[in-house]
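J.: Given the structure of chain F, go ahead and fit chain G onto it with the hints provided.
The primary structure of each chain is shown beneath.
Protein chains: 2
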Amino acid sequence: MSSSLLLSPHDLRFLLYEWLDVEALTQRPRYAEHSREIFDAVLDLAQQVATDHFAPHNKYSDAHEPTFDGQRVHQPPQVKAALEVFAETGLLAGGMDESVGGMQLPHMVASACAAWFKAANIATAAYPFLTVGNANLLLANGSPEQIDTWVRPMVEGRFFGTMCLSEPQAGSSLADITTRAEPQEDGTYRLFGNKMWISAGDHELSENIVHLVLAKIPGGPPGVKGISLFIVPKILVNDDGSLGQRNDVVLAGLNHKMGYRGTTNTLLNFGEGSHCPDGRPGAVGYLVGAPHQGLSYMFHMMNSARVEVGAGAMALGYTGYLKSLAYAKERPQGRPVGDKNPRSPQVPIIQHADVKRMLLAQKSYVEGALALVLYCGRLLDEQKSAESEDERAQARLLLDVLTPIVKSWPSQWCLEANNLAIQVHGGYGYTREYDVEQHYRDNRLNPIHEGTYGIQGLDLLGRKVTMRDGAGLALLAERIGTTVEQARKAGDEPAELGERLQAAIDRVVTVTTQVWGYGDTEAALANASVYLEAVGHVVVAWIWLEQLLAAHGKEGDFYDGKRQAARFFFRHELPRTGPQLDLLASLDRTTLDMAESWF
Amino acid sequence: MSSSLLLSPHDLRFLLYEWLDVEALTQRPRYAEHSREIFDAVLDLAQQVATDHFAPHNKYSDAHEPTFDGQRVHQPPQVKAALEVFAETGLLAGGMDESVGGMQLPHMVASACAAWFKAANIATAAYPFLTVGNANLLLANGSPEQIDTWVRPMVEGRFFGTMCLSEPQAGSSLADITTRAEPQEDGTYRLFGNKMWISAGDHELSENIVHLVLAKIPGGPPGVKGISLFIVPKILVNDDGSLGQRNDVVLAGLNHKMGYRGTTNTLLNFGEGSHCPDGRPGAVGYLVGAPHQGLSYMFHMMNSARVEVGAGAMALGYTGYLKSLAYAKERPQGRPVGDKNPRSPQVPIIQHADVKRMLLAQKSYVEGALALVLYCGRLLDEQKSAESEDERAQARLLLDVLTPIVKSWPSQWCLEANNLAIQVHGGYGYTREYDVEQHYRDNRLNPIHEGTYGIQGLDLLGRKVTMRDGAGLALLAERIGTTVEQARKAGDEPAELGERLQAAIDRVVTVTTQVWGYGDTEAALANASVYLEAVGHVVVAWIWLEQLLAAHGKEGDFYDGKRQAARFFFRHELPRTGPQLDLLASLDRTTLDMAESWF
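Residue numbers (this note's numbering), protein chains in the order written: chain F, 1201 to 1799; chain G, 1201 to 1799.
Bound conformation, chain F alone (with noise of 0.2 Å):
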């Protein structure tokens, strides 16, 4: 696998230093130990691990899925062998503070880095950045005993950590789960219940397993607000950190997946009986925080995880895409139009124009999507080294909006992406000789884990454009009203489409106030998902005005590519607003209409 089908380093580096100005950070006393060398230095070491290590087994352990014999779980060995090298590069905790052993980089570094492995296998990739989003909330919220005892074998890359929210019974509706954690005496708890969904719930491919655990002491409140978050390990931990006895977790059973296969996906039993640690029943948990808090401690988490998400969609729609793109370049077919000699040479594929449209479409999304993910990354360094706590409470507040978006966006387009490039492809993009119909396959899970589509449109029409009287979207409004007025100075095309794009931003903000104002909550929120969609595209359409005004009066293909992406998506694809945002200004009641006896 060359590298250079997994991600542009070009395009990294343009949106890192020419766009985003990463190198301004080692200017902030976070940062100062940082410069230029080492963030290519690191970018260059994620390249070349996942590149060399991960992409080689991404067909392989989709064509060999995890089993489960009753006892053990079973995966390629290759698997293993890649997650010991990245656990010696030092990269999952390349975020995280040095004082727990990490490497303190700006978040757009580290998820520039993590985006590598995520194009070359998000199946193998999924282990350690699980891990890495349960070491951050441990951070945030465990005690320094907690820390110490399950954060630090993580950034050794010993444990391997999970999420645990959903049940059979309650799946996106977590104030059901009846999963109930008993206090004990020695201020341990005992967990019983069912847990479904829970990616890398089981393996062998750590020293141990950390599961953060939602469960609900009895006696607490109903609902969302009784809900507390545990630490509950595969294995319990001696006082010296060494293992020992088995804790009462044990897989039911694997999912068997359309794709993301090498990811173990599991339903886990707490407190069959199977194991009972000091003969008595139950799981072993300990508390995280306080009681009856555990939902705000996991959304921490959960922020972070949508982020990963449309992270880990844009990296299959990138490696798609750049591997269309190869394809085009050299398969012979077909002539140009009015060519009607067929003693003259076949094209390469990329001169036909419809072929260029689905590779032009794949750049605009997978770009786009890149652009908004680093973005977001961004928005973490400004909550961690801004200097006013204003602009911290400015960047916390915009990526809250941002959220469901960065996490939809990408799971929508850059899945979009994937089926362009196996059209491109012809029928052998419909084949698992190539490598499209798997990131198609893996691709799909993204609309639907860390909240389906249709909760982050909830989440975004419901919540963050509401909330503080409309602060989010103010803000949203206002950061693109600032690359509209520097798109005006730079003139010319910069600044008509910048005018287009105030004219989208301008409606999105009408629109949310006309839905919003006929006083019916009901309707308001009928057509949320068409609200994401379209917030979403003028969303990405001025992250591409930032990139074209980072390109201005630059010279060179790169340049002139993005400018012609830029152009693509705002005449083939923000007008695809118009309607959406007709649709939600009138209240439609088409869906809420519908008698569930008419269907």
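No lab work stands behind these hints, which were simulated from the structure alone.
Quantities reported herein were computed from a predicted structural model and do not represent experimental measurements.
Check each hint, because a few of them may be wrong.
Copies of the same chain look alike in the list, so a pair counts if it works inside one copy or between any two.
Unchecked claim - In silico DMTMM-like cross-links for lysine to aspartate or glutamate, where the CA-CA straight-line distance does not exceed 25 Å:
1. Lys1259 <-> Asp1269
2. Lys1689 <-> Glu1284
3. Lys1540 <-> Asp1669
4. Lys1529 <-> Glu1407
5. Lys1540 <-> Asp1600
6. Lys1259 <-> Glu1633
7. Lys1425 <-> Asp1600
8. Lys1280 <-> Asp1269
9. Lys1529 <-> Glu1385
10. Lys1529 <-> Glu1616
11. Lys1529 <-> Glu1796
12. Lys1529 <-> Glu1722
13. Lys1425 <-> Glu1678
14. Lys1540 <-> Glu1796
15. Lys1540 <-> Glu1722
16. Lys1425 <-> Asp1262
17. Lys1529 <-> Asp1376
18. Lys1540 <-> Glu1696
T.: Frame of chain F; chain G shown alone:
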């Protein structure tokens, strides 16, 4: 598998009897032997056989795809068993003339019967339906002797057929095929070459396989004008009809596909010397019709095959819709908007607006596609049985225009329906424990085979709407105008939707003229795929208005559902065409202007 999860018998009967009035055909000589009772009986038979013999092994043969041991192809025995039951029904020749052993059913009815098998198991159904296309081509262009030798055993279910067009170096570009056919003294030919992507190209499901092969006779004209058509059987047939020597057609390998796995897809070698009939090299072939006319014969078959592809896409979309509907009615999750009480019971997810949206969108796609497919069947019936030559010619012309649409529209939107069916299922939909992920994988083939989406766009914009001074588009607009006139007379909602449809088709006509008015063929065709998508949506809006009129004034859940789906299509779907037609009217050159080096 309950048959209620494959297709809706109610919908089929509504379309056939209440809308298309298939009973009226029994007044015509060709169908005079038939009656509604007969139609109902064959529809019931198809439903029963599809449900009992095709659906049960759909998942199994996906998980156990065909294997090739170098000598023989192995498939699960259920496939052959199902095809034997199918042969007994006589449905393979349902639409064929009684003179060749067919039932001489209206195409509408034969198509509705076929839909059951496609919904139940598209991969197993492919074998007989490819055979039907093969047989129809020979009935139209073969000699009486050829028909006797090859078609009769196909009608009896003993021989299956293929179509061999593509080659490894020539997928969509048939001008570049290199398979050659050398004339022999006895009037037969010997073929040499390789054919790629041949569905059902090898198997042990039938006694023999009849390949229809495009090849070039040395010395003929270059390009497509030098292509001839040959019958090349896997096994030669003796004068008495018994099987003779093995012909030199050899399976070089199976393609391993993302979906549609139960249908073998093959690379075939002709005349490579594995078998040499009568000790001489080459695969024995028999010329069909005149030399160098092969492509026109093949396109006769190809046009039917394109309708069939659309029908298959529809069937997969339809069954996915019904399965997600059943799931949504049964799966409790969450509470209505505004009910924050966690002690209230969870509701079935069908009560959530966004789930209704996903179901209603599916309904509008799959019922729209089924209606379009049956309408095309009606046009075939008109071609065969209309009283005047003028009516027959009009039906032929309209079907010519609609062929790229009926091929492509379901391939795009019923695939999207499958996407939504997965989404309705949430995580379960992503697992192979449920059916919908397979439908999605199976359906992804349909935008590729029998002419890719891009090629259909070129066919529609570059040929079908321009041929004969735009007579085809004018006829389409006239038929739509007739429906709009009926809607005006019906008043109220039909009239209102009719005005919107009239505006849409007027815009299509105007934009078509504009696109060609610039005198720039390359630019005119650059966005042909966008044109195909826009015109497809306008056509399906018309088909929905037709259904609305057929339901007009009728009471009951079924008719209410039709009305609501029509509303959905006009409110949520038809407006998509606005920006698409704007783009076309601007003769957008964004893709054309993208240089290869800019990617």
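J.: For Lys1529 vs Glu1796, is the C-alpha pair at or below 25 Å within one copy, between two copies, both, or neither?
T.: Between copies only: 8 Å across chains, 50 Å inside a chain, cut-off 25 Å.
J.: How do Lys1529 and Glu1407 come out at 25 Å by Cα distance, when the copy is not named: within, between, both, or neither?
T.: Answer is neither: 46 Å inside a copy and 43 Å across each miss the 25 Å cutoff.
J.: State whether the alpha carbon distance between Lys1280 and Asp1269 is at most 25 Å within one copy, between copies, both, or neither.
T.: within (19 Å within a copy, 33 Å between copies)
J.: Regarding Lys1529 and Glu1385, is the shortest C-alpha distance of 25 Å or less found within a copy, between copies, in both, or in neither?
T.: Answer is neither; intra-copy 69 Å and inter-copy 45 Å both fail.
J.: State whether the alpha carbon distance between Lys1425 and Glu1678 is at most 25 Å within one copy, between copies, both, or neither.
T.: Close neither inside one copy (35 Å) nor across copies (62 Å); limit 25 Å.
J.: Tell me, please, which holds for Lys1540 and Asp1600 at an alpha-carbon limit of 25 Å: within, between, both or neither?
T.: between (56 Å within a copy, 23 Å between copies)
J.: Reference check for the pair Lys1425 and Asp1600, CA-CA at most 25 Å: within, between, both, or neither?
T.: For Lys1425 and Asp1600, only the intra-copy Cα distance (21 Å) is at most 25 Å; the inter-copy one is 62 Å.
J.: When no copy is named, should Lys1689 and Glu1284 be tagged within, between, both, or neither for a Cα gap of at most 25 Å?
T.: neither (51 Å within a copy, 74 Å between copies)
J.: Checking an output row: Lys1425 and Asp1262, CA cutoff 25 Å. Within, between, both or neither?
T.: neither (40 Å within a copy, 45 Å between copies)
J.: Evaluate Lys1540 and Glu1696 at a C-alpha cut-off of 25 Å and name the case that applies: within, between, both or neither.
T.: neither (40 Å within a copy, 47 Å between copies)
J.: As a check of your reading, is Lys1259 near Asp1269 (CA-CA no more than 25 Å) within one copy, between copies, both or neither?
T.: both (23 Å within a copy, 23 Å between copies)
J.: Between Lys1529 and Asp1376, at a C-alpha cutoff of 25 Å, which is it: within one copy, between copies, both, or neither?
T.: between (53 Å within a copy, 19 Å between copies)
Hint compliance for this structure: hints 2, 4, 9, 13, 16 and 18 are not met, and every other hint is.
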